[in-house]
Amino acid sequence: MSGPAYNFAYLNEQTKKMVRRAILKAVAIPGYQVPFASRELPMPYGWGTGGVQVTAAILTPDDTLKVIDQGADDTTNAVSIRSFFSKVAGVETTEDTDSASIIQTRHRIPETPLREDQILVYQVPIPEPLRFLEPRETETRKMHALEEYGIMHVKLYEDIAQHGEIATSYAYPAKVNGRYVFDPSPIPKFDNPKLDNSPALQLFGAGREKRIYAVPPYTAVKSLDFEDHPFSVSGWDKPCAICGSTTSYLDEVVIDDQGGRMFVCSDTDYCKKRRPA
Amino acid sequence: MNAPLLQVSGLTKNYGSTPACNDISFALHPGEVIAIVGESGSGKSTLLRCISGQMEPSSGAVAYTHADGRVTDLFAASEAERRNLMRKDWGFVHQDARDGLRMGVSAGANIGESLMAVGSRHYGKIRASAEDWLSRVEIAASRIDDSPWSYSGGMRQRLQIARNLVTAPRLVFMDEPTGGLDVSVQARLLDLIRGLVRNMKLAAVVVTHDLAVARLLSSRMMVMQNGRVVETGLTDQVLEDPQAPYTQLLVASVLQA
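Residue numbers (the numbering used here), protein chains in the order written: chain A, 1 to 277; chain B, 1 to 257.
These are calculated hints, taken from the structure and not from any lab test.
Remember, it's a predicted structure, so these values are computed and weren't measured experimentally.
The reader is advised that the hints may include incorrect statements.
What the hints assert, rightly or not - Here are the computed lysine-lysine pairs in the DSSO-like style, where the Cα-Cα straight-line distance is at most 30 angstroms: (1) B/K125 with A/K189; (2) A/K194 with A/K16; (3) A/K17 with A/K155; (4) A/K142 with B/K125; (5) B/K88 with A/K142; (6) A/K175 with B/K125; (7) A/K222 with B/K201; (8) A/K155 with B/K88; (9) A/K175 with B/K88.
From just these sequences and the hints, can you work out the full model?
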């Protein structure tokens, strides 16, 4: 036995080629879910196996990888995936959004605006936005093909009828390039506006469901809404307790057993850089 | 007379070597209600599924005339066109309301879905139509946000009718619309359907094994046996003076209360 124990980025070259083909098709048809032959990985489904396969397929030795989980660089999932790739690909990793060329994410889009030379890879649990009302895959495919999207609004209607407003706060459905309705993975709807016309390429991988889809750079992404209940994002009354940001997405953190709470940025890198030295 | 709304010609459907419908032809005119009666296994439900575009016949054609005079051959048309037709111009009332409703969402959303499917995107207007239609099918507007699971069988059936009629279709298919309901509820539902069909000048094809339903709703009827039409004519005429032996048997076997 000599040489490295793994092929570069863990997956073999044939597999990466297959994933790249799916990615190319996904980029060519924005928002369309491309089936691919998802592989077993040395981590369980739900840990981001879709995102890992997409990242492995696009990774080059010169890339710098950042991985975030709920916006944070230091959570178990993020740390594990980062160390996975530094072990099997030997690529540089970073927590700094600006110096990353590939960012694999779960649940957030970084607060720092992305650039054309960056790629954002999402880990997706359920890629099908129509699944809530239509359990049959054959039927949802047909609905996408024929652009029968009226049913998406049934969910939003139910929200308003039951809660007085559109209460869907994450995995908020949107239409890509005026054609396909897609599920932007469980990011908060706070991040939906950042999907629209982004300079960075956005790739979505669902490992268990075996689907890849994409939003190419500078592509229109419109969140669904009603004429009399337009799409809106909620804000917070208070700024971030650490960095004082009033524009970022805040997490609620319980700090004692007396009911004490604080609100802090979920994007740890952004928060760290803004903190007074 | 105007061109027929629906022209069925030479429709045959075989399940393997078993014939279910054999060479059936008829025309349905705008605003007309036709009943298809027959015993279980006579092919009436298969016929309904074929003429409503849900199942492809083995041979034969179904032509639908649009409001603007355009004619669509149902099985030569693309699936997109067929589904579009089902959404916009047609309704389908299932025997079991659970097949025709989306049980996971509220009654209002069930009615609203039909509107949203044809492009309505104004919550206030969708809500107002849903309320209007609930009252037209005699359901209290206060039940609008309740799940259909909390509705009785008769209410579910009325909700299904509201969901079908809210888009003002031109043609409604009904498969045993009163089946499985108790007699008093049946009578009320029939009354309601008759009123709505007359007011909206709907054309309808009603499949039933209940001759009373046929008599109340339809102006013409077709009697089927073993996949063939054995008798056809004006409803009153067929029921008062049945010609075919099978129809005579059918009419004679109605229980007198």
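Tested hints:
As the CA atoms of B/K125 and A/K189 are separated by approximately 25 angstroms, the hinted pair is consistent with the 30 angstroms bound. Our distance criterion of 30 angstroms between C-alpha atoms is met by A/K194 and A/K16, whose separation comes to about 29 angstroms. Of the supplied pair hints, the one linking A/K17 and A/K155 is violated, its CA atoms being roughly 38 angstroms apart against a limit of 30 angstroms. This hinted pair checks out: A/K142 and B/K125 have alpha carbons roughly 28 angstroms apart, not beyond 30 angstroms.
A threshold of 30 angstroms between alpha carbons decides the hint, and for B/K88 with A/K142 the separation of about 18 angstroms falls inside it, so the pair holds. Between A/K175 and B/K125, the direct Cα distance comes to roughly 23 angstroms. Compliance with the 30 angstroms bound is thereby established for this hinted pair. Using a Cα cut-off of 30 angstroms, the hinted pair A/K222 and B/K201 is violated, with the two alpha carbons roughly 40 angstroms apart. Taking the CA atoms of A/K155 and B/K88, the gap is about 21 angstroms. The hint holds against a cut of 30 angstroms.
Simply put, A/K175 and B/K88 have alpha-carbon atoms about 23 angstroms apart, close enough for the 30 angstroms limit, and the pair holds.
When each numbered hint is compared with the structure, violations occur for hints 3, 7.
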